[in-house]
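Visitor: Protein chains in written order, with the numbering used here: chain A, 987 to 1376; chain B, 987 to 1376; chain C, 987 to 1376; chain D, 987 to 1376.
Don't read these hints as lab results, they were simulated from the structure. Heads up, some of the hints might be wrong.
[Said to hold, decoys possible] Listed next, the in silico DSS-like pairs over lysine-lysine satisfying Cα-Cα at most 30 Å (straight line):
1. Lys1145(B) <-> Lys1265(D)
2. Lys1265(A) <-> Lys1181(C)
3. Lys1114(D) <-> Lys1342(D)
4. Lys1265(A) <-> Lys1265(C)
5. Lys1145(A) <-> Lys1175(C)
6. Lys1175(D) <-> Lys1265(C)
7. Lys1265(B) <-> Lys1181(D)
8. Lys1145(B) <-> Lys1208(B)
9. Lys1265(D) <-> Lys1175(C)
[To be verified] For each label pair, taking beta carbons as the anchor points, the in silico distance ranges come out as:
10. Asp1068(B) <-> Ala1173(C): 11 to 21 Å
11. Asp1150(C) <-> Val1174(A): 51 to 61 Å
12. Thr1141(A) <-> Asp1337(C): 56 to 66 Å
13. Gly1146(A) <-> Pro1171(D): 16 to 26 Å
14. Pro1225(B) <-> Asn1238(A): 17 to 27 Å
Cβ coordinates follow ideal geometry from the N, Cα and C atoms, glycine included.
Number of protein chains: 4
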Amino acid sequence: MINGERLIERPLRWGMVGGGRTGQVGYKHRTGALRDGTYSLVAGAFDLDAERGRDFGVRLGVEAGRCYATYQDLIAGETARDDAVEVVSVATPNFTHYEITRACLEAGLHVICEKPLFFTVAESEQIKELAEHKNLIVGVTYGFTGHPLVHQMATMVKKGMLGDIRIVDMAYTHGFNSGDDVGAPEAVKWRTNPKTAGSTFVLGDIGTHLYYLSEIVLADLKIEKLLCDRKAFIPSRAPLEDHATVLMHYNNGARGRLWVSSVDAGNMGSQRYRFVGSKASIAWSDSHPDQLVYQVQGEPERIMHHGMPYLEDESLAVDRMGALHTEGLGDSWSNIYLWIAQAIDAKRRGDEAFLKTHHYPDINAGLEGVRFLENCVRSADAGAVWVDFE
Amino acid sequence: MINGERLIERPLRWGMVGGGRTGQVGYKHRTGALRDGTYSLVAGAFDLDAERGRDFGVRLGVEAGRCYATYQDLIAGETARDDAVEVVSVATPNFTHYEITRACLEAGLHVICEKPLFFTVAESEQIKELAEHKNLIVGVTYGFTGHPLVHQMATMVKKGMLGDIRIVDMAYTHGFNSGDDVGAPEAVKWRTNPKTAGSTFVLGDIGTHLYYLSEIVLADLKIEKLLCDRKAFIPSRAPLEDHATVLMHYNNGARGRLWVSSVDAGNMGSQRYRFVGSKASIAWSDSHPDQLVYQVQGEPERIMHHGMPYLEDESLAVDRMGALHTEGLGDSWSNIYLWIAQAIDAKRRGDEAFLKTHHYPDINAGLEGVRFLENCVRSADAGAVWVDFE
Amino acid sequence: MINGERLIERPLRWGMVGGGRTGQVGYKHRTGALRDGTYSLVAGAFDLDAERGRDFGVRLGVEAGRCYATYQDLIAGETARDDAVEVVSVATPNFTHYEITRACLEAGLHVICEKPLFFTVAESEQIKELAEHKNLIVGVTYGFTGHPLVHQMATMVKKGMLGDIRIVDMAYTHGFNSGDDVGAPEAVKWRTNPKTAGSTFVLGDIGTHLYYLSEIVLADLKIEKLLCDRKAFIPSRAPLEDHATVLMHYNNGARGRLWVSSVDAGNMGSQRYRFVGSKASIAWSDSHPDQLVYQVQGEPERIMHHGMPYLEDESLAVDRMGALHTEGLGDSWSNIYLWIAQAIDAKRRGDEAFLKTHHYPDINAGLEGVRFLENCVRSADAGAVWVDFE
Amino acid sequence: MINGERLIERPLRWGMVGGGRTGQVGYKHRTGALRDGTYSLVAGAFDLDAERGRDFGVRLGVEAGRCYATYQDLIAGETARDDAVEVVSVATPNFTHYEITRACLEAGLHVICEKPLFFTVAESEQIKELAEHKNLIVGVTYGFTGHPLVHQMATMVKKGMLGDIRIVDMAYTHGFNSGDDVGAPEAVKWRTNPKTAGSTFVLGDIGTHLYYLSEIVLADLKIEKLLCDRKAFIPSRAPLEDHATVLMHYNNGARGRLWVSSVDAGNMGSQRYRFVGSKASIAWSDSHPDQLVYQVQGEPERIMHHGMPYLEDESLAVDRMGALHTEGLGDSWSNIYLWIAQAIDAKRRGDEAFLKTHHYPDINAGLEGVRFLENCVRSADAGAVWVDFE
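This is chain A alone, in the form it adopts within the complex (with noise of 0.2 Å):
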């Protein structure tokens, strides 16, 4: 179990584009970071608005003079300092997440940044070149995914405990977006400009939650082909989608479906995950993320809860409140942080032994997020056909 004990040498110094006042997605990333004291927020561009960006960097324990305007003013402002920044995150609208990430590496500057990470698989590339050639890291912020329950799933699927793989069953919807967008706040409408928010709006936001997460799970599993028929049930957003649905076909002739909306009125079950085997399949939805539903063809089903001596030592080991304990988004981000953490810590104190098998969500999560995405409108715009995956 984790109980606060540092697993690095010393705080990493810390600063954030973005995350200001008028969101609360700031507040998972702080979250994530400050708890258990291996990050220390030192510096930010919280917001478009200097002055309000600011007063919240100041309210939030940063000095006056490291709160910066832009992005830029932080690292030129912090590139100059003895004890600047190592790593930036990136809380800002997907349109700038390329740019940003791009400014802090060339800076010298470890990234955290958002999903999705970046508009194509070809930018998403660079950037890998980049960090490489740098010597960095460039975490993504996968936010359930650091759950233990999550990696309890991992774990029975690698030890065969499913049997071969066969079906996989995920969505992620809600009714938030039901109304049309008039009068919509500044965060909505960004996410339903194809230059602000990409070349999808529910596919990025949530559907890369889910094919993450898929990816963890499965770790054995590519997909061969896909199919994506996606649909603007309030008009004004397309030609990006407020709705899709995937079919995906696996390399070892499993089948998926995958379902992204952000119309599905009422909707709070949140993300949903079944993976069937042969022999068993499980369950798990980031609304109860503390039960894990296991069932073996023939036998009774079973109900497995987070901290419990019965789970697997991958899923104890990041547990962090104890069985009876309810977990919650902020534990998983706590997570996420620590481990991305620990991979700049490795990074700094030149461990690439360590770097080889340490799991966090990567350059390479973001990216094939990305190349997800790009497979999916492919398939969506040519309409809704079957695609290779590539």
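Since chain A is already given, all that's left is putting chains B, C and D on it; use the hints.
Guide: Chains B, C and D in isolation, oriented as in the chain A frame:
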């Protein structure tokens, strides 16, 4: 509420073909038919093993002389009597439905048949014509569509409580065929053989339930095109499928998906339905049939319970046990058999006005199920491509 | 599994007192009795309004001449016939149970009576003696104790799968009487009047269900002392209660608690049971009766489903619909009526050996329910103090 | 919503007594305190093993010189510094709470203490007096009462949405002590020894959580009398209990029951609450804390979710993650630590007006918990009889 008072003039003289001792399907028919005194079981050809069938029939209270070896004998024997059966239920493997139904109709008997009704639309249309010509009823036993909350859903949609329908999500999956079929019982074997099962396995066996229920709830929607991806995870079942996914586009722009599987290891969820509109959604499953989830976007989720005064009249009218008193599959079958009896009674009385508005799973319900299957197979066999719904 | 094959020689000639059109309780009796051809409804005194009762009976298929105005008329009329009723069900308000049961027994008729059986243990013992003297059966309709999973629980406890029983937790609460009784229907009014209901309201009306089910599951346990705290939240119901809590000490050291209420606003959970042993617990509710929670300390929780091969033989033997096919209250009533029919049949055949091991809700089940009520009332009326169970 | 912006002037200098590496309780304190930069961990006496405690503290980021061997050393060492700790958390076995709290207060330090606060009401009143005299805050860590939906419940009751409160039903049961204590870890052993645990085991250990939460929700109700029946199913735990049932009569006529157990084999339900009024009920459990069941008699059940706009302002104000984003125990602890910090900050600023209306688990919350235990023990030890609540 229904309380057992006879809603038709007198009990119908009823016979069964199939439904003998070696399976449990026949008991569902008898549960449906006998509870309220609407039918009187007077004859049967219950079993391929004539001796066993006679013994069984006698223990059901049928005279030995009216327990026949074959359906042909039954028709011959009964039509020679003054008190002949009036209606015959067909609870035999799929490949015999057509010939038995035709023979009964030709002999002037009403028919109640298991689903999937026949192998082809062409057969279904012939039977429809024959039944019309003979002035006889053909009912189809879509087992769970008699439940009061199914009719609650239909009324809510009709009244516009969901707004415009946007998304239809349906699944009926289980894992009872996760293992291979070596040594499987006859009831499994004939279902996976095209000669005895027709062109589908799970699509016909359980998918037709989903499709018919959606027709009830979404009375105004029609499928314009669909795509079906099917697979036999147990190769010996090919070309039939033990797993299939169908995507649908409806005439009002709605999107649908349907999943059927008999290799969904450990899944005990049975049928699950979700209908999403622009304002609200409803969700129902026959595994907990007495509750209906009603979710208005932006309001607390609501759980409705069968038999409660806040439900629509259409639902309360067909309730049998009352609130807090769980209704099960048997109660639903009782309603279906009752509604078919009312249709037969009206036919006998020549009351075509009644028949015009009376709802029950009729020959069209059967025919449309077969049409759905034909479209699925056409799509699947062309490589899981989109096909216009014909 | 049960499939409708007759388990007794021939259908029993059956009559009803009460259970007419104005309530739904009679339909539960008919659902239980008529489904399998075990009983044949031939006579009735269905209603205090003789005309309405006759019309109702005829619509149930009873000859007009055997629809009687009173139970006295029924006894007189029937006993004069060669084909007289053999068994009579009593579905009338509590205060008439004793006199009708006594009269039927004296006339040589078996009786099936609603719970709570009578007002006092003394009455119950008189009837028990009379039934023995007359060699007749008295059955009591504890509605949900016919469910297959109730008998799964009993067998699990008997086999020691829970270890030593330590804790018994039972509740049956609803909120249908949360408001006052002004303008309440007759069915509510007689239940809150000591003259017609006896010495309790909710304890007798719903608490006896809990108590009898616990007797089935905990065959070896006896209450040594109890404490009952009862209250009428609607004052007009006093001295009867609309809410009561009972604490129990069992002879093996186990502790129990029982809660009944009709003012538990909005509660739709119906009956809930939890039996805790030194090794494991089981939990069941009739609101989702087809699943049983089985919790071994230190292992994942298990959900068992009715009809599945992993269940005990005792449970599978009384299953009717099969796994995945929801069984409801009606299926449970069918089992209870069947078991009583088997007892009557054995009595008719003089098969006392069968009766020695045959389980059904008999006169003792009714008598013990009344004894439980008497002890509760004695405790409550003395100020909610501990009393030895007598 | 809370987003990490500092709600007090500057971080409080914070120390811990107990909460070391061998248990997980200290991590809950640190999770609560460190997330938002409200506290700064600067000192500790973390462990009875001084060496281990120092190593642990250093890995938490505390200077080695401020990792003390004992709480006495901590007080001595810190009070000699200009930058001394201002507030100390006590996360040690029950029997040391009193002496450590007293010593800290006498040294001028605010205290945050685990529950149950002390052994007796008398001790609690002494400490209350001392804290008032010293003008210091004593906070008590009732872990889950910081959750937004707890405050939703309190507001709903206060606004009369339930009508008059009639029934209170509370339980906190688990089975982790179902086996005997041979070879049990120290954390179990001291809890079952009266010298180290006080006069109760489960009543104090988990029952005080139930009681305090009920005080928040039912601000206007007082217990008038209660009856407590307790038992040690594992005899070595006697005279302390591993199972107890309490019945309560409230001053407004309401009836309550409370169940605590550590031998409820397999139960993973954690804390469960149900508050029933004349019009409606609410139910909540910390095992699925983000949803609240709201049942108006005669209407569909409602499920409310945390963070949704339809909730009361009092709930939304203390939400941290937003709707769909699961909040867990850690989020609740963060709120409790924040509220205590605000109290300490107000005390420092001399802002007594703020303190008059500011809600947090204060010395009275601790004292009332002890009072509840004293009444329970008095009843239980007199033979589980009714006692007036004193």
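Visitor: So, for every hint listed, does it hold in this structure?
Guide: Against the structure, the hints come out as follows:
1. Between Lys1145(B) and Lys1265(D), the direct Cα distance comes to roughly 29 Å. Compliance with the 30 Å bound is thereby established for this hinted pair.
2. The straight-line distance between the Cα atoms of Lys1265(A) and Lys1181(C) is roughly 61 Å, outside the 30 Å bound, and the hint therefore fails.
3. As the CA atoms of Lys1114(D) and Lys1342(D) are separated by approximately 16 Å, the hinted pair is consistent with the 30 Å bound.
4. Only pairs whose Cα atoms come within 30 Å are accepted, and Lys1265(A) paired with Lys1265(C) is accepted, the gap being roughly 28 Å.
5. Using a Cα cut-off of 30 Å, the hinted pair Lys1145(A) and Lys1175(C) is violated, with the two alpha carbons roughly 63 Å apart.
6. Restraint check: the Cα-Cα separation between Lys1175(D) and Lys1265(C) comes to about 21 Å, which is no more than 30 Å; the hinted pair holds.
7. Taking the CA atoms of Lys1265(B) and Lys1181(D), the gap is about 61 Å. The hint is violated against a cut of 30 Å.
8. Annotation: proposed proximity of Lys1145(B) to Lys1208(B) holds, straight-line Cα distance about 18 Å (limit 30 Å).
9. The suggested pairing of Lys1265(D) with Lys1175(C) holds, with an alpha-carbon distance near 21 Å, which does not exceed 30 Å.
10. Between Asp1068(B) and Ala1173(C) the Cβ separation comes to about 46 Å, which falls outside the hinted range of 11 to 21 Å.
11. Between Asp1150(C) and Val1174(A) the C-beta distance comes to about 59 Å, which sits within the given range of 51 to 61 Å.
12. Distance hint for Thr1141(A) and Asp1337(C): a CB-CB separation of about 59 Å, consistent with the stated range 56 to 66 Å.
13. Separated by about 34 Å at the C-beta atoms, Gly1146(A) and Pro1171(D) break the suggested range of 16 to 26 Å.
14. Separation of Pro1225(B) from Asn1238(A) is about 21 Å and conforms to the stated range, judged on CB atoms against 17 to 27 Å.
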